[in-house]
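Using the sequences and the hints, build the whole thing.
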Amino acid sequence: VTRGAGPVGLEFAVVAINRGLSVTIFERGEGIADNVRRWGHVVLFSPWHLNMSAGGEALLREHGRAVPSKDQFPTGNQLVDEYLQPLAEALQKSANFALHLGTEVVSVTRGCFLKREEIGNKVRSGHPFRVLVRDSTTQDERYEGDFDVCVNATGTYGIGNNIGPG
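In the working numbering, the protein residues as written are 5 to 170.
Careful, some of the hints might be misleading.
Computed spacing ranges between beta-carbons, pair by pair [unchecked claim]:
(1) P132 / G106: 23 to 33 Å
(2) Q96 / R146: 19 to 29 Å
(3) V110 / V46: 22 to 32 Å
(4) V71 / N125: 39 to 49 Å
(5) V71 / G44: 15 to 25 Å
(6) A70 / G168: 41 to 51 Å
(7) D139 / G168: 34 to 44 Å
(8) K126 / T160: 39 to 49 Å
Simulated from the structure, these hints should not be mistaken for lab results. Beta carbons: idealized from backbone N, C-alpha and C, even for Gly.
Okay, structure coming up:
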C-alpha cells in the first residue's frame, strides 16, 4: 500500500510493477499530485531529466505517450499534466495497480495489533498491514488489508517547520 499519488508514490509504483509486485495507492486529494497543483504556477529549479525516471519514461513510450524535452524547466502544473497524469493513466492499465483518489488513510496497523503491542517482535512483522481509509466525499470509513509493505509518499508540502530554534 502506498500513501500519496504524487511524484514519489507514482515512481515507486513504476518500479514495483516492473518487478512484478502489486501496488495500491490511496491519494487524499481528488486528483493525481494534488499538493503539486497547489504550487503549480512555480517553475521547478531542476529540468525535466531530473524529475522523470528512466522507468517512467519507458512506460510512457510503451503506451504511446510523449516524453517531455529533458532540458526544459517545467512548472508544477506541467509536471502533473505532461508527466505524472500520463504516468498514472499508463499505470492504471496494469492489472497489478489500483488507485483510490479522494481517499484519506486514517490509520495503519499490522494485523490486529495495537500500536504498543509486540514492537520489534517477529510475531508482529509476520502479519500484513491493514489500513483504515476515509472517503473524502461521503466520509465513510472502511478497512483495506493484507498489504506486505506500507510506503508513505505523502510529501512535506503544507507541513512547515517552526520558526526559530527547534
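Q: If any of the earlier hints don't hold here, list their numbers in rising order.
A: 8
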